[in-house]
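*Asks:* Single-letter residue listing:
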Amino acid sequence: MNKLVSAVKRASRSMASSLPLILLITFLLSVLKVVVPASAYSYVFRRNFFDILIGDVLGSVSAGNPVTSYIIGGELLKQNISLFAVTAFIVAWVTVGIVQFPAESKLLGKKFAIYRNISSFILAIFVSLLTVLLVNLV
Amino acid sequence: MNKKNLSLSGERKQKISVNNKSSFLKRYSVLLFVVIGYCVVYIFKSSVFKKVINTNISIILSLLPSLVFVYILMFATNYFINDKKIIKSINSVSKLKKYSLSVVLGIISSGPIYVWYGLLASLRKSGLSYSLISVFLYNRAVKLPLLPLLVAYFGLKFTVILTVVMVVASLVQGELIHKLLD
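So the protein sequences, as listed, match chains A and B.
With the working numbering applied, the first sequence corresponds to residues 1 to 138, in that order.
With the working numbering applied, the second sequence corresponds to residues 1001 to 1182, in that order.
Check each hint, because a few of them may be wrong.
Beyond 12 Å from chain A on every Cβ pair, some chain B residues (computed) [stated by the list, open to error]:
(1) I1057
(2) K1088
(3) L1096
(4) K1098
(5) V1103
(6) I1108
(7) N1139
Quick list of in silico lysine-lysine cross-link-like pairs, DSS-like style, CA-CA up to 30 Å [what the hints assert, rightly or not]:
(8) K1157(B) / K110(A)
(9) K1051(B) / K106(A)
(10) K110(A) / K1097(B)
(11) K1084(B) / K78(A)
(12) K106(A) / K1125(B)
(13) K1050(B) / K110(A)
(14) K1098(B) / K111(A)
(15) K106(A) / K1088(B)
(16) K1179(B) / K78(A)
(17) K106(A) / K1157(B)
(18) K3(A) / K1143(B)
(19) K111(A) / K1050(B)
(20) K9(A) / K1179(B)
(21) K3(A) / K1125(B)
(22) K78(A) / K1088(B)
(23) K9(A) / K1051(B)
(24) K111(A) / K1179(B)
(25) K1051(B) / K111(A)
(26) K1098(B) / K110(A)
(27) K78(A) / K1143(B)
(28) K1095(B) / K1179(B)
(29) K9(A) / K1125(B)
Honestly, the hints are just simulated from the structure, not real lab data.
Don't be surprised by glycine CBs; every beta carbon is placed ideally from N, CA and C.
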């Protein structure tokens, strides 16, 4: 019985400590979702080599369901944005978390959150380059 | 002497109340930030406020199943598993096995990434390495239920190659984090 109560207490304590941070993220997400419409993304691209970096930055600062990134990515492709940029965008969307950064840093450590997000940002460019090159090769 | 003791205990009480206040502020600073955020949105753009509230409610409602799942998982790991023992046994197996386990768990785990931070933080306290946490988190990006949708938008070839490249990238990140932090 004691073990059960202690397990419930520990789980509740862990959950209670992460709930305010989850609320913060949902708040930031909803502001982002309302303030930045999906159509706004295509205006940022320049249709040159640097689009891969722009896609990476846009994906990093955006957040939400990955489905949204697929839909936006599909739309960007239709507007002749390169597959390199779109791939960097959808990869950064799910691997880099600027919106989640405060929560990640508080719960898992500042250093870890910084290293993980910076490496994810850089890796998104390599993942994009490698994926599109392999798609063209295979 | 008595007067001195009394004044000392008074000072201590004052110190304790100041400490309590600062720990209260520290604990609720994030919630305070959220409330201030809502107030700012309301003051500067009241038309947006209702939309933000509605979007927030729908996001929180969609999160509830994942939160319940993570809570049950936290309870189960606390009740059935000795964190330290299991992490000791994870740490004793080969790197390939450790990384493979993190990749699989990352891929099959559901819900948004941030609902997992609490559980990962408590596992970290029990000794789980940062490299395994980063591999797990990177593979949260590979969403099995969403792969058909990715295929519909970008084709099967692209989806397969992207998925494989992302798993490889997660291992690269794991090694990088291992070198930097573990």
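*Asks:* Would you list, in rising numerical order, the hints stated earlier that this structure does not obey?
*Replies:* 1, 7, 8, 11, 13, 16, 17, 18, 19, 20, 22, 23, 25
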